[in-house]
Amino acid sequence: MEDNRRQRRIPLNAEAKVTKLIGGEKIEATVVDISCYGACLKTRHPLLKTNDRIKVSITVTMNGQNQVMQSEDALATVRWIKNSTKDFSVGVMFNIKINDRGFPVFNQCLEHLKAGK
Numbered sequence: 001m002e003d004n005r006r007q008r009r010i011p012l013n014a015e016a017k018v019t020k021l022i023g024g025e026k027i028e029a030t031v032v033d034i035s036c037y038g039a040c041l042k043t044r045h046p047l048l049k050t051n052d053r054i055k056v057s058i059t060v061t062m063n064g065q066n067q068v069m070q071s072e073d074a075l076a077t078v079r080w081i082k083n084s085t086k087d088f089s090v091g092v093m094f095n096i097k098i099n100d101r102g103f104p105v106f107n108q109c110l111e112h113l114k115a116g117k
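If you're matching positions, the sequence shown starts at 1 in the working numbering and goes up one per residue.
One thing to keep in mind: the hints can contain errors.
[What the hints assert, rightly or not] The calculated lysine to any residue pairs, modelled on SDA-like cross-linking and capped at a C-alpha distance of 25 Å, are:
1) Lys26 <-> Thr61
2) Lys20 <-> Lys49
3) Lys82 <-> Ala14
Derived from the structure by calculation, the hints contain no laboratory data.
Please model the entire structure based on the sequences and the hints provided.
Dropping the structure here:
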């Protein structure tokens with residue numbers, strides 16, 4: 001499959017909190033990779049469907065500092081879902097590009113992750 005992404009994704013293993021906008025279900029997930037435009041999440045919960053509108057926030061532990069950062073909620077849309085026997089991979093596209101102006105803490109988490117690569 002051709003990769004049409006605008007920006008390279010950063011591999012990651014971080015907690016994510018996902019909330020469906022309609023219904024309000026909260027879903028525990030793990031971020032597999034992320035960019036300022038979107039992310040791939042893994043979850044064990046079959047609650048998400050393509051085109052669902054969600055809120056996503058991530059939790060990042062700052063290396064060498066006992067500091068945990070919880071980002072702001074970013075609105076996103078589920079673009080695709082693939083399921084396996086153990087979990088679901090979910091591709092999401094952020095509604096607004098993650099940047100320092102709109103999402104300062106989320107952007108700081110991304111910058112920290114880029115610096116570590």
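If you draw a straight line from the CA of Lys20 to the CA of Lys49, is it 25 Å or shorter? Cα-Cα ~10 Å, so holds.
Quick one, are Lys82 and Ala14 close enough, alpha carbons at most 25 Å? holds, 19 Å
Has the given pair, Lys26 with Thr61, been kept, meaning a C-alpha gap of at most 25 Å? holds, 22 Å
When held up to the earlier numbered hints, the structure conflicts with none and fits them all.
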